[in-house]
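Quick note on numbering: the numbering used here labels position 149 of the first sequence as 149, and the sequence is numbered without any gaps.
These aren't lab readings, by the way, just hints derived from the structure by calculation. Just so you know, these numbers come straight off a predicted model, no measurement behind them. Even glycine gets a Cβ: it sits at the ideal position worked out from N, Cα and C. Watch out, some of these pointers could steer you wrong.
[Claimed, not checked] If you anchor each label on the Cβ, the simulated ranges turn out as follows: (1) R294 to S260: 18 to 28 angstroms; (2) K441 to E323: 17 to 27 angstroms; (3) A391 to E102: 19 to 29 angstroms; (4) S130 to R97: 38 to 48 angstroms; (5) G283 to V466: 47 to 57 angstroms; (6) R97 to E229: 25 to 35 angstroms; (7) A455 to R368: 49 to 59 angstroms; (8) E402 to D127: 19 to 29 angstroms; (9) R97 to R168: 33 to 43 angstroms; (10) D428 to E102: 24 to 34 angstroms; (11) P21 to A148: 30 to 40 angstroms; (12) S164 to E323: 39 to 49 angstroms.
[To be verified] EDC-like, lysine to aspartate or glutamate: derived pairs with alpha carbons at most 20 angstroms apart: (13) K280 to D74; (14) K195 to D127; (15) K225 to D337; (16) K225 to E131; (17) K459 to D424; (18) K2 to D239; (19) K76 to E15; (20) K76 to E229; (21) K225 to D239; (22) K13 to D355; (23) K76 to E61; (24) K171 to D198; (25) K405 to E458; (26) K277 to D239; (27) K277 to D258; (28) K383 to D337.
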Amino acid sequence: MKIALWNSRTGRKEEFEPLRPDRVRMYVCGPTVYDRAHIGNARPAVVFDLLFKLLRHCFGEAQVVYVRNITDIDDKINNRARELADGSGDSLRATIRRVTDETIGWFHEDMGALGVMLPTHEPRATDYVSEMIEMIKALIAAGHAYVADGHVLFDTPSYPQYGSLSRRSLKDMQAGARVEVAPYKANELDFVLWKPSDSTLPGWDSPWGRGRPGWHIECSAMSLKLLGESFDIHGGGSDLLFPHHENEAAQSFCAHPDASFARLWMHNGMVRVNGQKMSKSLGNFLTVSELLDRGMAGETMRFILLGTHYRQQLDWTARRVEEARSVLGEWRRITRDVAADDAGCHRDVLDMLADDLNTPGAMSALHRLAAQGCSAELAASAKFMGLLNSALPDGLAGRVSEILKVRDQMRSCRNFAVSDTIRDSLQDAGIVVQDTAGRSKCHFEPMGRYDGQLAKVEKVLEELEVMAASEARGG
RNA sequence: GGCGAGUUGGCGGAAUGGCUACGCAACGGAUUGCAAAUCCGUACCAUACCGGUUCGAAUCCGGUACUCGCCUCCA
């Protein structure tokens, strides 16, 4: 099956063909770990997770290498750790490690709730500092970088193609520059490869003194080590195109002039809230964790994120949440009696995904399967897209069926007051009961965290037992 | 100011020249102990605007308006 992907480097949709037929290599910029991931951070994770799944399907699971890095060297992390370290008595170094480890744990938890698989490799920048130093040395030796005032800077004029990835000219960028240029820069667009650390900040020994790497070189070094000089796909949010990806590409091309670095660049659009980009600095963000706490299922978020084409901006609204919930509830009802593994992903869904991840089109195909009553295909295809996957607490299904048995008895002796109460209580626990001709059926509504669901169900069961006991005594 | 993306019914959102998908929401009826689901029906009579090419345009070309993103840390 052929996959077409939009290449933001060329501005065209291109047929995807890996550089090596036996190996598909993809690098995506991952989180900077200092805080909870918001729904905007989740978008690339979900989008490229779906691409990962599609590539694995097309090229074989073992052939696809997906690297999503973890940026754990960053001044935002240092600042956050400093706030926490003050007064705690811990060293800054220990606090940084604690913050980054904890945030990585949160990230995995939240992405897991969204049905995001772990990538093949998840390198931490702190484990690749020596590779970064090597690359910086090579760039200096090749005349693409210079040392100034304890910093090492990339010399943008030494790379005439600078700007070609984001397709903008140096002149335009200079005209629009809004930021004060550091005095040690020879040219205003030059960017930091290495910067000095004072004794309080984390630092590594280098030929230029104790310091830490700039953000852009982290990705260049990690992709080089894990994927090689040339690889197939580089992804990330559209806000990273400039300067992050432009700089990354410049460094890597200059360090390895004979290689192609990333052939295909993919950028997802931004998530907006009330017409504004969701971002930490604007403070208008919704974290995945917070939404889970409020009872929103991870798959509901995933559904919304995939409901708009990845290159488009996406508006996060209450209305879309309602729609997602309603559709997923419906699909759960339709697929409640089928095993998803019986069928593969439907061809129509795959065709849509293979066309530059046309997820809205794929959703339509899912709706068509639902309308045609192809429940097994719907279950399998939805599962392929990472939907209808939520695991239920152990023992829940058994207890629910016990309750429904009692409820059916109540209904058959027309004790509707009790049977309606049971239905309401179950609904409250995320279990939707529907009465068909003979007996009732139920499906599980997607919920945020399932904590407490089992407890609620057990409470219903308990109340029924108490009631039965008192009736037995009374009778 | 530069660069880029976009504007399709109440909402979301496909479709790159051939009767404008699909979903959500709404309304009426059947059905139901009540709900839900299902079935039947209704309505919203949608391609930002102006011009061009064409037998035929949401789609191609030119222009206008508006929205958003990037140019600064950002997914």
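Q. Using the C-beta atoms of G283 and V466, is the stated range 47 to 57 angstroms upheld?
A. 49 angstroms, holds
Q: Decide if the proposed pair is consistent with the structure: K280 and D74, CA atoms, cutoff 20 angstroms inclusive.
A: The hint holds at about 15 angstroms.
Q. Taking the CB of R294 and the CB of S260, does the distance hold inside 18 to 28 angstroms?
A. 45 angstroms, violated
**Q.** Supplied distance hint 30 to 40 angstroms, evaluated on CB atoms of P21 and A148
**A.** At roughly 45 angstroms between Cβ atoms, A148 and P21 fall outside 30 to 40 angstroms, so the hint is violated.
Q) Do the alpha carbons of K225 and E131 lie within 20 angstroms of each other, as the hint requires? A) Since the Cα atoms of K225 and E131 sit roughly 8 angstroms apart, the hinted pair holds (cutoff 20 angstroms).
Q. Within a Cα-Cα threshold of 20 angstroms, do K383 and D337 meet the stated pairing?
A. 15 angstroms, holds
Q: Would you mind confirming whether the straight-line C-alpha gap from K277 to D239 stays at or under 20 angstroms?
A: 11 angstroms, holds
Q. Are the Cα positions of K171 and D198 separated by 20 angstroms at most?
A. Violated, at roughly 35 angstroms.
Q: Check the following: the C-beta atoms of A391 and E102 are separated by a distance inside 19 to 29 angstroms.
A: Since the Cβ atoms of A391 and E102 sit about 24 angstroms apart, the hinted range of 19 to 29 angstroms holds.
**Q.** Given hint D239 paired with K225 - CA-CA distance at most 20 angstroms
**A.** 25 angstroms, violated
Q. Given a hinted range of 24 to 34 angstroms, is it respected by the beta-carbon distance of D428 and E102?
A. 33 angstroms, holds
Q | K441 versus E323 beta-carbon gap, inside 17 to 27 angstroms or not | A | 24 angstroms, holds
The structure does not agree with the numbered hints 1, 4, 7, 8, 11, 15, 18, 19, 20, 21, 23, 24, 27 stated previously, though it agrees with the rest.
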